[in-house]
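Using the working numbering, you'd call the opening residue of the sequence shown number 46 and step up by one each time.
Note that these hints are calculated values from the structure, not bench results. For each residue, glycine too, the CB sits at the ideal point set by N, CA and C. You may find that some hints are simply not true.
[To be verified] Across the chosen pairs, the derived CB separations fall in these ranges:
{"#": "1", "residue 1": "Arg80", "residue 2": "Glu191", "range": "29 to 35 Å"}
{"#": "2", "residue 1": "Phe206", "residue 2": "Val67", "range": "25 to 31 Å"}
{"#": "3", "residue 1": "Ile68", "residue 2": "Phe206", "range": "20 to 26 Å"}
{"#": "4", "residue 1": "Gly71", "residue 2": "Gly146", "range": "34 to 40 Å"}
{"#": "5", "residue 1": "Leu54", "residue 2": "Ala207", "range": "58 to 64 Å"}
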Amino acid sequence: MNAPAPDALRRRVVRIAVAIVVIAVGVPWAGATLRSRGEPTPLADPLPPEGAPTAGEAVRAEAGVFEMTVADLAALDAETAPGPVRTRRLPAYYARRAYPGAPPVVPHEVDRDEDRAPDCLACHARGGYVPAQRAYAPVSPHPEFESCLQCHVPQRDVRPFAGNSFR
């Protein structure tokens, strides 16, 4: 391997020296600037707020969070009118997720040809009662994402194909 030319070596040394000077001046200046802004805002308390439901208390189901207008109510008739709002417990809520904060599983059959967002958004764009499913469809909090099944997987009752001895 050839040694660099003296001019190239000199340019490299000058660049390194300039970088060291910029860092030596910039870091204290940035520290003084940030320090003059005052104390940082403390992070939110990780504990649930006062009055939040505990694992044994009822949680309002997704069916009860939709706001309906008079025009929406006029579209319902006696045959498709839903029953009372059901409640569920936190363990049931978390049972539909792989871990806290995970997206819920899809509780109904999904045709793999229908993995495009417009098909999901047919029911989940505005939410509400879906007579074909005889259940409420929650409103999608992120309709701009078009690959719903990338995060929300269909729920299946299958057994593992191999044993697992992980502890």
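Going down the list of hints, with the structure as the test:
1. Arg80 to Glu191: 29 to 35 Å: Roughly 45 Å apart at Cβ, these two residues miss the hinted range, so it is violated.
2. Phe206 to Val67: 25 to 31 Å: Since Phe206 and Val67 have Cβ atoms about 58 Å apart, the given range 25 to 31 Å is violated.
3. Ile68 to Phe206: 20 to 26 Å: violated (55 Å)
4. Gly71 to Gly146: 34 to 40 Å: With Cβ atoms ~38 Å apart, the hint holds.
5. Leu54 to Ala207: 58 to 64 Å: holds (59 Å)
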